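*Asks:* In the order they appear, the protein sequences are chains X and A. First residue of the first sequence: 1, per my numbering; consecutive thereafter. First residue of the second sequence: 668, per my numbering; consecutive thereafter.
In case anyone wonders, no lab produced these hints; they're calculated from the structure. Computed from a predicted structure; not experimentally measured. Every residue gets a Cβ at the ideal spot worked out from N, C-alpha and C, and that includes glycine. Please note that the accuracy of each hint is not assured.
To be verified - Partner residues aside, some chain X positions facing chain A, computed with beta carbon under 8 Å: (1) Asn37; (2) Tyr188; (3) Ser189; (4) Pro191; (5) Gly226; (6) Lys418; (7) Asp419; (8) Val431; (9) Tyr432; (10) Glu527.
Number of protein chains: 2
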Amino acid sequence: MSSSATPANVAVEVNRTAHAFSRAQLEGVMTKRFFYNQAFEIYGGVAGLYDYGPMGAALQANIISAWRNHFILEEEMLELDTTIMTPYDVLKTSGHVDKFADWMCKDTKTGEIFRADHLLEGVLEARLKGDEEARAAEGDATTQKQEVPAEKGDDKKVRKKKVKAQAVKLDPTVKAEYENILAQIDNYSGPELGAFMKKYDVRAPESGNEVGEPVQFNLMFETQIGPTGGLKGYLRPETAQGHFVNFSRLLEFNSGRVPFASAHIGKSFRNEISPRAGLLRVREFTMAEIEHFVDPLEKEHTRFDEVANVELAFLPKDVQQAGQTTLVTKTIGEAVSSGMVDNQTLGYFLARINLFLLKIGIEPSRLRFRQHMANEMAHYASDCWDAEIHTSYGWIECVGCADRSAYDLTVHAKKTKKDLVVQKVLKEPKVYEKWVANIDRKSLGPKFKKDAKAVEEAITALEQEQLESLSSALKNGPTKVPGTEYEISSDLVTVELKSIRETVREFTPNVIEPSFGLGRIFYALLEHSFWAREKDAGQGVLSLNPLVAPIKVLVVPISANASLAPLVKDISARLRKEGIASRVDDSSATIGRRYARNDELGTPFALTLDFASLQNGTMTLRERDTTGQLIGSIEDVVKTIKGLCEGSISWQDAEGTLKKYSGEQAL
Amino acid sequence: MSSSATPANVAVEVNRTAHAFSRAQLEGVMTKRFFYNQAFEIYGGVAGLYDYGPMGAALQANIISAWRNHFILEEEMLELDTTIMTPYDVLKTSGHVDKFADWMCKDTKTGEIFRADHLLEGVLEARLKGDEEARAAEGDATTQKQEVPAEKGDDKKVRKKKVKAQAVKLDPTVKAEYENILAQIDNYSGPELGAFMKKYDVRAPESGNEVGEPVQFNLMFETQIGPTGGLKGYLRPETAQGHFVNFSRLLEFNSGRVPFASAHIGKSFRNEISPRAGLLRVREFTMAEIEHFVDPLEKEHTRFDEVANVELAFLPKDVQQAGQTTLVTKTIGEAVSSGMVDNQTLGYFLARINLFLLKIGIEPSRLRFRQHMANEMAHYASDCWDAEIHTSYGWIECVGCADRSAYDLTVHAKKTKKDLVVQKVLKEPKVYEKWVANIDRKSLGPKFKKDAKAVEEAITALEQEQLESLSSALKNGPTKVPGTEYEISSDLVTVELKSIRETVREFTPNVIEPSFGLGRIFYALLEHSFWAREKDAGQGVLSLNPLVAPIKVLVVPISANASLAPLVKDISARLRKEGIASRVDDSSATIGRRYARNDELGTPFALTLDFASLQNGTMTLRERDTTGQLIGSIEDVVKTIKGLCEGSISWQDAEGTLKKYSGEQAL
């Protein structure tokens, strides 16, 4: 058979790190094999917009399908499909019209626009790099001994405008100031960023011109709904509001009970100031969001025990505020019981997120959970952790998991005057005594006239102790409403101690929100899966697992001989019947070339049909990473491949049931 | 058991038409059970925007899944996921900036806006109705004998503004004119609509004011991409352009060969002037579009034979132009061979569309294929048929199937100067002779100076006969370039007969486009599935088939007794393992009430667990439409239900393998 196929009877060592990861090589494969590509390429492309081709769309669909199984089906979540178009009022209420913005500043002469934090960060990092280079050039032993991270920006999220470093030494005080700023760059407001830019003379990198004061740029795309121009709309920046405005319907669907979760997979939009970094910072993206509605007094989770022993790598806020990035590894059980993670429900989802990301193929060592610092946290959140995945761009936020408290439901209820609350029957009625004022409105009105409402409000606002003293006072004759000059008497108002029996508690649920940026996860997974064969740096392999691989099985007839065609058709039909996505490559390329092309597509298995298949009814099965091959009857091989694709057996198991195959036999 | 359950040993007659269909009842159920609802309800709602709740989202997902299997997987289409955000240039080129518009007119005093065709149609229909009423009131025997359609507007698409009829007799000539206009309402331009409105004094229905001249309103939502305001964008009005701009990448993925098809399921947007009619005319909707790229000289389809005998109900353009709506029923084979449907590929998709709609549950008698009339056809189409489904709103366009010819690829190629073509190796090289002009540019330039380019272009534009005469003329000395005053001689230009050998044919593929409005299909399916029990008009049943039903199986423990809980859990787990969506209803409602609630949700089957299940290991199986019940071992019932959900067995088959169950046994 193919000269590139390694005979399986030789122990195969797969060395995935023989060649350093090359982002350019990965991107080349992704474009050429049409996983994804910049949108409107033939029109010159539009920054921040990407199209998924057949392979990318299939990979994305498989990730979504795995997500749906892992979250929605497993927990019986209520799936929604709400509109992208959102009217002004809703996003004004949610806070997005006022606060969903980035700070930008302009080159004062060319008008070029920068995201303020990215500009400051890029310039300071370049200066620190220049300082290192200058010291290195001087042979400064102290500096040379310092460990320089292998890859700059490793601990940062994507936010850099490439700025060229110049080898200039910095004053040690200034250097320390720069480092301190960079460690907390997400923590600064626009005016603070502007002050730093003035203080350190940060200029536009290419022109060298000064930049203006940072101003806010709202990141929502705005449009007009209908022909009259009277209704302003936005493209949603998240799916979350679609859950909240439907809360009452969801609650009714769930028979009035919490906890329950809604889930929504769909597109959201951010009009990024200056999108870079490929799929990691885009203007249109697919999100998967869960809103888990929970009683604020009962944030325990009934299934927490199932995940309590899952170990996560944490980067808590106190570590970051100390300028450090050391990870704390512990079980989610310990993290919650120590108070580091606020509550069980939040912890449950952190663990479930972790399990999902590992299941689809994210490298465990390149996944961490970073807690938001106080100023960084979204305006609605009470605690928030990001699942960050390490890529060649550094650590990237891929999933946010926030406790949004009761913020959203409260503001929407207030604005719309609709009750967005849960009523819970108390296990035992709550019985207590309470001072209650009875106001005789018919007499109060004529007496106080236009002040009557104010008098009533003043009485209603009284505390229990005030009511108690008022009760005594009124028994002794007319008296003033405490805190006012209004004189009342017992013919207008009486105060008495009443016995109250409450059977229902009414509350606004809190919301725990795991929010997935599927495009970022998609890209990180590609980086974690891509490597080059040890003997050929140009030969890429995409080690996607069968759960997410766009095509599970390549069907390869060894030659174009027509006698093989019916068998190829038969095998394809069998695989389709088993629900296994397959693809036939009957091109004239050598079989090694055909294997190699499909290694790039991430196809985990190949079935090779040759003349022995016709004569003996056998078929060979190739595994992508090891290139090992097995042989067996068509029946057995199909059965094995089904198990491999479903994940019920491993390649090692397959080696136990099928015979090893050495390429020479087929020659 | 429940008193509402009909004992299965009595023959069950299901009468689905005992009560007339009630749209209000269906809509009530849809809102209450949260299939869908107007979006932003708590904010008063936004016209033309709808959210899908858990049941609606699941039904939609199941329709999409069936669509993906029926089209994408069956035909190995290349699935795409392209951006909604589309820059101006792309939609300018495609023609949407100039032509994707409706005509609207304004009430000259109140400013109220109407869609011009809807207004004219509504007013004329109301007058015709008024005429009928007036004649009926007069006892005009001739009129009374005329058959009045049971439902007005039966033959129209959704486009009516409700206008109240007044009983006023019309002149017979005017009546005929109205009827003629209505039969061709889709055929008129804005100025024509305006002329009719003047001629017949059509006014705003509520105010009675005059309306202004119709003006065009572009139906795309417009926005700005990025912070500089320099890049205008639109939300796509269709997914199609995303396929065309990626054509080269798709062609390369398909190894340079046609035919192939791309497919895309996603949201598109239309800023409707005045959306009404619920899910049928919305501003944001999910589409599924296929672009099948084909050699214009080979529009045969290799799988046409598989569908040639499929019968369709056609409404061809000549019938409509004659003011008729009589359907022509014939096989797609006959329709293509008679030339009524333009080509095999178009015909193949019409048949496949028909099969898909029937598969998900559309009533065959309420489905027709209507051909577009000449003026109605989109600017790009060379032939177009709509699959129209009959609903309480009349016949609704749910799928368009157009032959877009080479229009889109041609205009994008021209605009971007990129070759969007296919090269096909000719089976036999084409050898022929051709007159070719050889221009000596080095001499031409100095001689003609600024005119040199014009001279060259004039020569290049010459036809073969002109070149042949020029060849002879030049042999006799200097001569003028035909059609110009430029004199040339043989030292500047020679013309000779050359032998040409072409091995490759280059062409722009044609595109056949089946385009599905999934929301309209979703709604039509609900109408076709909804009915009320003969004995209780208030008890709705949604007869969705298991392929699309949101929940396939209801699991009902007969009482809240804790001893049943483990079995309920076990059965749920088994169903989940088999991939069957189920739901437990362990509420305290009577079992009949629980069945009834799930009949409204369209749940086809119910499993009932009682104490016999614990003692004898039996379980009953209920079918929604007949309410018939069977009983068997848990093993057998699970096996049966799997077959029923997969469609491999029918309820009649199940009745053959399990025992009939009469409710009394469990009492």
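*Asks:* Any hints from earlier that this structure breaks? Give me their numbers in increasing order, please.
*Replies:* 2, 3, 4, 7, 8, 9, 10
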